[in-house]
Amino acid sequence: MNTIKQIIAVTWLNLRNLPQRLASSAVAVIGVGAVVLVFAAVLSMAAGLERTMMSAGTDDTAVIMRRGSTSELNSGLSNEQTLIVANAPGVLKDGDKTVMSAELYVIADVKKQSTQSDANVPFRGIQAGAFDVRKDVRIAKGRMFEEGKNEIVVGEAAQSEFVGLGVGETIRFGQTEWAIVGTFDAGGSVSESELWTDVRVLQAAYRRGNSFQSVRVRLENAESLGVLDQALAEDPRIDVDVMSERDYYSSQSQGLVTFIKRIGYPLTILMAIGAIFGALNSMYSSVSVRGKEIATLRALGFGPVAVLCSTVIESVMLALAGGVLGGLLAFLVFNGFQVSTLNGPSFSQVVFDFAVTPELLGQGMRAALLIGVVGGLFPAIRAARLPVATALREL
Amino acid sequence: MKYFGLIWKNVWRKKIRTSLTILSVLVAFLLFALLSALGYAFKGGEDVADAERLVVINKVSLINPLPMAYMNRIAATEGVQAVTHASWFGGYYQDPRNQFGQFPTDPYEYFSLYPELKMPQEQFNAWAKNRQGAVIGREIADQYGINVGDRIPIQATIWTKADGSRTWEFDIEGIFETDDPRGSTAYMLFQYDYFEEARAFAKGTVGWYVLRVKPGADPVQIANAVDMQFANSPNETETSTEAAFAQSFAKQFGNIALIVTLIMGAVFFTLLLVSGNTMSQSVRERISELAVLKTLGFSDRSVLGVVLTESIVIMLIGGLLGLGIGWLIVQVIAGAMGAILPGIYLTSRAILTAICIMIGAGIVAGIFPALKAMRLSIIDALARA
Amino acid sequence: MSEVLATLTGVSKIYQKGKEKVEVLHNLDLQIPSGDFIAIMGPSGSGKTTLLNLLGGLDKPSSGTVRVGDAELSSMSNSQLSHWRSTNIGFIFQFYNLLPVLTAQKNVELPLLLTNFNGKERAKRASIALDIVGLGDRAKHYPRELSGGQEQRVAIARAIVSDPALLLCDEPTGDLDRETADEILKLLQILNREHGKTIVMVTHDAQAAEFANRRLHCDKGTLEAREVA
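Quick note, the sequences are listed as chains A, B and C, same order.
Counting in our numbering, the first sequence runs from 129 upward without gaps.
Counting in our numbering, the second sequence runs from 64 upward without gaps.
Counting in our numbering, the third sequence runs from 19 upward without gaps.
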C-alpha cells in the first residue's frame, strides 16, 4: 500500500477510536478553543476601534489645526485664521460659500452607563457646514439644534453609552443648561461618540471668545490637499498642519490600537504556549493508550511514516475543532458588543463595537493549526519509533 | 509529613505527563501575574493615594482651568492644612510619541504636599533657585537617559510661548524618587513662575489644586466646604479625595478589572480541565496500588488525602514558578517601560490570591479522582487485577 | 500450637448478582491455632478468596462472626478495620502488588508509615525484613528491575515488617515457575517454623499445598479437611 493510502487508513482508525480517548481529546480541543476565544475577543477591540475611527475619515475633507497639535483639543485658531483657510486655493465652494466647518472641541463630564461614574465626553461646537464636510451624517431622531440656542444633538453611540442623553432631556454643564433635541447617525464612526452644538454658543459657554480649534474643509479634488497645504504653508499669517481627515483619525487612533495589539498578541502567544503543553499532554496520552494498536499495525506492515502523519493529523484536527469552537463563540458573544474607553490624544471617550473580523478569525485558525502541529509532532515521533516487539509482548 | 516521599514519587509517576501539566500550570500563573500587574497599572495609583489629600478641579471638566486667585481662599478654608497647585503641560520630549506628564507648580508647596517624594536637598535647593529649572522622576531619567545638569527641550502641544515658539527648555536640577514601590515617578515638575511668564495665554490660571486636610478632619466635609465657596461662580469647583480622583480616571478606561477576570477565567477553566484529566488518569492507572495501600491498613481518608495532596503539589510547583517568572518580567517591564505603563506592579495581595487559587485549583482538579480512590472497594479492585 | 488465633463461627457470605443471590460461603466454622500453616484448596468460585478476605477484615460476613486475636472483626467499622489490619495482618498476593514508583526498601517500609516510628526506625526494620527474605542487597532496586520471585520476596518482607501474627496468602506462587515457587514456599515455612507466623494460604496447586501443615478443601461454600495421599 502506498504511503498516502497508509496515512489515510491509520488516520481513519485513530479517529474511529477517538471516543475511547474522549476526555483527553476534549481537553486539547477546549484548550485551543480558549486561546482562539481570548485572542479574538481582545484583538476585536483593536479592530473595532480602528474601524470606528477610520470609517470617519475621508480623503475628501482636510482637517486644519495649529501646527504641532497632537489633537484638536490642544489646538487653537483665531477667527481670522479660519477665514484665511476658507479663502485658500483647493477648497470646495458651493457658489461662493466654502464648504467648511470651523469647530471647537471641549470635554464635558457625563456619567457612563457601564460604570455609573463620570467620563470625558467630547463636546463639539460646529458650523452649518459640519454635515457637509463629513460623510454620511444625518439626523436620526428628533431635530437639528437651532443656532444661537443652548441645544445639543447627540451621536447615536453616545446616547446608548452615556446616561441622561435622551431626546427631550436637559443636561447641565457648569453654569449652563442644554436641551437635547435630537440624535445623529454617522455610520457608526467616531463622530457618534460626540455631542454637537452651535460653535458660537459653545464659545460663549466656555468663554473662548471667538477662537476655534480646527477647520474642516471639503477639497475640490484629489490633488487639492497638496495645493491647500502649500498655500497655507507659504502664508505668514497662519501656521498650521493640514492633513486629510483620514490621516487625522488614523493618527488619533494609532496609540490606543497599538497599545491593545501590544498587549493582545503577547497574551495570545503565552496562552498558545500553554495550549501547546495541553495538546502535547493529550497526544502523548493518546499515543500511550494506543500503544498495542500501533504495534499491531506496524507488525502488519504499516510504515512509521503513516503512524507519524496520522498522529499529527489527529492533533491538527482536534486543534482546528477547538479553533472553530473558540472563534464561533467569540463571534457570537463579542461581535457588535458596544463599549467605550478613554482615547489618549483626545482625552475623551470613543465609543466603538467589538469587531470579530474574518481576518481575525483567520489568524486564530492559523494559530490553532500551529498548536496542533507542534502539539502532535513529538508524540508522533514517539509513536513512530515505538519498539514493535516490546509493545506486542504486552498483548 | 512522612507521607511526602510516597506523594512525591506518585507525582512523578509519568515524568512527561507531570512535566507538561506543571508547565501548563506555570503558563496560567504567569499570565495571572502579568495581567494582575497590568490591571494594577490601570488603577491609576489609587492605592498609593493619600487619604488626607484632596484634589480640586473645575466642575465642568478637568481641562477647564481654575483661577490662581482661588489659592488663598482655599488655604483659608476651615480644616485645610496646606495647598498647592499644578497644571497640565502636555508636552513631549524629542518625539511626539515620548509623552509624559510635566507639571508647573511651586517647588516648596508641592514637596510639602507630597512628602513621599525624595530628592537630595542640594538638588532641591538648586531647582528652587532656578526659574528655568526642572526635576524629573527616576523612571523618566532611566527611560530617556537624562541626567542632572542636562538642558532638555520639551515641545509643547498646547502651550505656545509668548514669543510664538513651542519649544520650552529646562535645566534638569534633580531626580526624585518615591518611597512607595507601587508609586510612579514618570513625570517632571518645573516652576510655575516660568510657565506663567512665558506662556502666551490663559495667564493667571492653574489646572487644579491639591490640598491636605488637618489631621483628624473629615475629608468629605472639607471637600464640600471648598466647593461651596465657589458655587454659582463662573468657575465652580469639584473636590474629591485623591483616591476617588484616581479611580474616576481608571474607570474611564472601561472595566479593565472585568476584562482581566474574564480572561483569567478562561485560562483557569482550561487549566482545571488539564490538571483534572491528569489526576484522573493517574488514579485510574493505579487502582490496584491504591487498593493495596488499603489492605496494608491505610484508611480511606488517608488515600483521599494522598491523591489530593498530589494534585495540590503539582499546582504549587507550577504556580510558584509561574508567579516567579511573572514577577521578574514585571520588574523588567517597569524598568524599561515605566513611563508608558506607570504603576505596573505585582501586589502582595495578588500573590496571596494566586497562592489561594493554586491550592483551591489543586483541590478542585483532584477531588473527583480522590473521591474515587477513597471509595474504591479493595476486593473489587484486587479482583480486577 | 495450643492457643487459637482465629475463629470463624457460622459464617455465611451471600453476594447479590443482579437479581440472583449467590451464596459463596455456607454456615462455615473454622478454628485456626496460633502458629499453624493451613493450605486451602478448591475450584475457582468456591469461596476460598472470600474466606481470606474475611480473615483479613477486607470483607464482612453476611451472618456469623469472625474473631482474630482479640478483635471481633464483624462488629468493627471500616476505619477500625484499617487500623487493625496495619499491625495484625500481612497480605501476600499472586501478582505481588508492589508500588512501581518505590524501591524495594520503600515498598517494605510502607506499612510502617502508619506507625509512630521515625525514618531511621522504619529503615532499620525494613532492612531486617529484607534480610530475612534474602534480598538485603536489592534494597535500592525498583520492582521492574527484579524477577518475579524477587518481587514476591519483597512483598513477603512488606507483609512481615510490622510483625503481624497472621499472614494471608492468595495464590502466592501462581505466577512463578516451579523452582522459584518452591523457594517462596520454603521461605513461608521458615516464617512459620522459625518466626512463629500463622499462615493461611489459598492455592490451587497441590504441590504448593504440600508445604503446609494441613490442607483444607473448600467446595460450594463449605470446608472439609482433606489429606492428599
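Quick caveat, the hints were computed from the structure, so don't treat them as lab data.
Each hint should be verified, as a subset may be incorrect.
[To be verified] Lysine to aspartate or glutamate pairs mimicking EDC-like chemistry, simulated, CA-CA at most 20 Å apart: (1) LYS39/C x ASP443/B; (2) LYS35/C x ASP443/B; (3) LYS78/C x ASP363/B; (4) LYS224/B x ASP367/A; (5) LYS65/B x GLU139/C; (6) LYS238/C x ASP188/C; (7) LYS78/C x ASP281/B; (8) LYS420/A x GLU348/B.
[What the hints assert, rightly or not] Partial selection, computed: residues in chain B whose CB lies under 8 Å from chain C: (9) TYR66; (10) LYS72; (11) SER175; (12) LYS357; (13) LEU359; (14) ARG438; (15) ILE441; (16) ILE442.
Predicted model, so just to flag it, every value in this text is computed and none were measured.
Using N, Cα and C, we set each Cβ at its ideal position, and we do this for glycine too.
Against the structure, the hints come out as follows:
1. Restraint check for LYS39/C and ASP443/B: satisfied, since their Cα atoms lie roughly 17 Å apart, inside the 20 Å limit.
2. The suggested pairing of LYS35/C with ASP443/B holds, with an alpha-carbon distance near 13 Å, which does not exceed 20 Å.
3. A threshold of 20 Å between alpha carbons decides the hint, and for LYS78/C with ASP363/B the separation of about 17 Å falls inside it, so the pair holds.
4. A threshold of 20 Å between alpha carbons decides the hint, and for LYS224/B with ASP367/A the separation of about 14 Å falls inside it, so the pair holds.
5. Restraint check: the Cα-Cα separation between LYS65/B and GLU139/C comes to about 13 Å, which is no more than 20 Å; the hinted pair holds.
6. Between the alpha carbons of LYS238/C and ASP188/C the distance comes to roughly 18 Å, so the proposed pair stays at or under 20 Å and holds.
7. For the hint linking LYS78/C to ASP281/B, the alpha-carbon distance of about 74 Å lies beyond 20 Å, and the restraint is violated.
8. The straight-line distance between the Cα atoms of LYS420/A and GLU348/B is roughly 16 Å, inside the 20 Å bound, and the hint therefore holds.
9. The interface hint given for TYR66/B is met, as the beta carbon of that residue sits about 6 Å from the closest beta carbon of chain C, less than 8 Å.
10. Annotation: interface hint on LYS72/B holds; nearest CB of chain C at approximately 4 Å, less than 8 Å.
11. With a cut of 8 Å, the hint placing SER175/B at the interface with chain C is violated, because the nearest CB-to-CB distance is about 63 Å.
12. A least Cβ separation of about 7 Å between LYS357/B and chain C falls short of the 8 Å threshold, and the interface hint therefore holds.
13. The criterion of a C-beta within 8 Å of any C-beta in chain C is met by LEU359/B, whose closest approach is roughly 5 Å, and the hint holds.
14. Residue-level restraint check for ARG438/B is violated (minimum Cβ-Cβ distance to chain C is 11 Å; threshold 8 Å).
15. Hint status for ILE441/B: holds, given a least beta-carbon distance of 5 Å to chain C, under 8 Å.
16. Interface restraint check: ILE442/B against chain C, minimum CB-CB distance 6 Å, threshold 8 Å, status holds.
In this structure, the hints that do not hold are numbers 7, 11, 14, in rising order.
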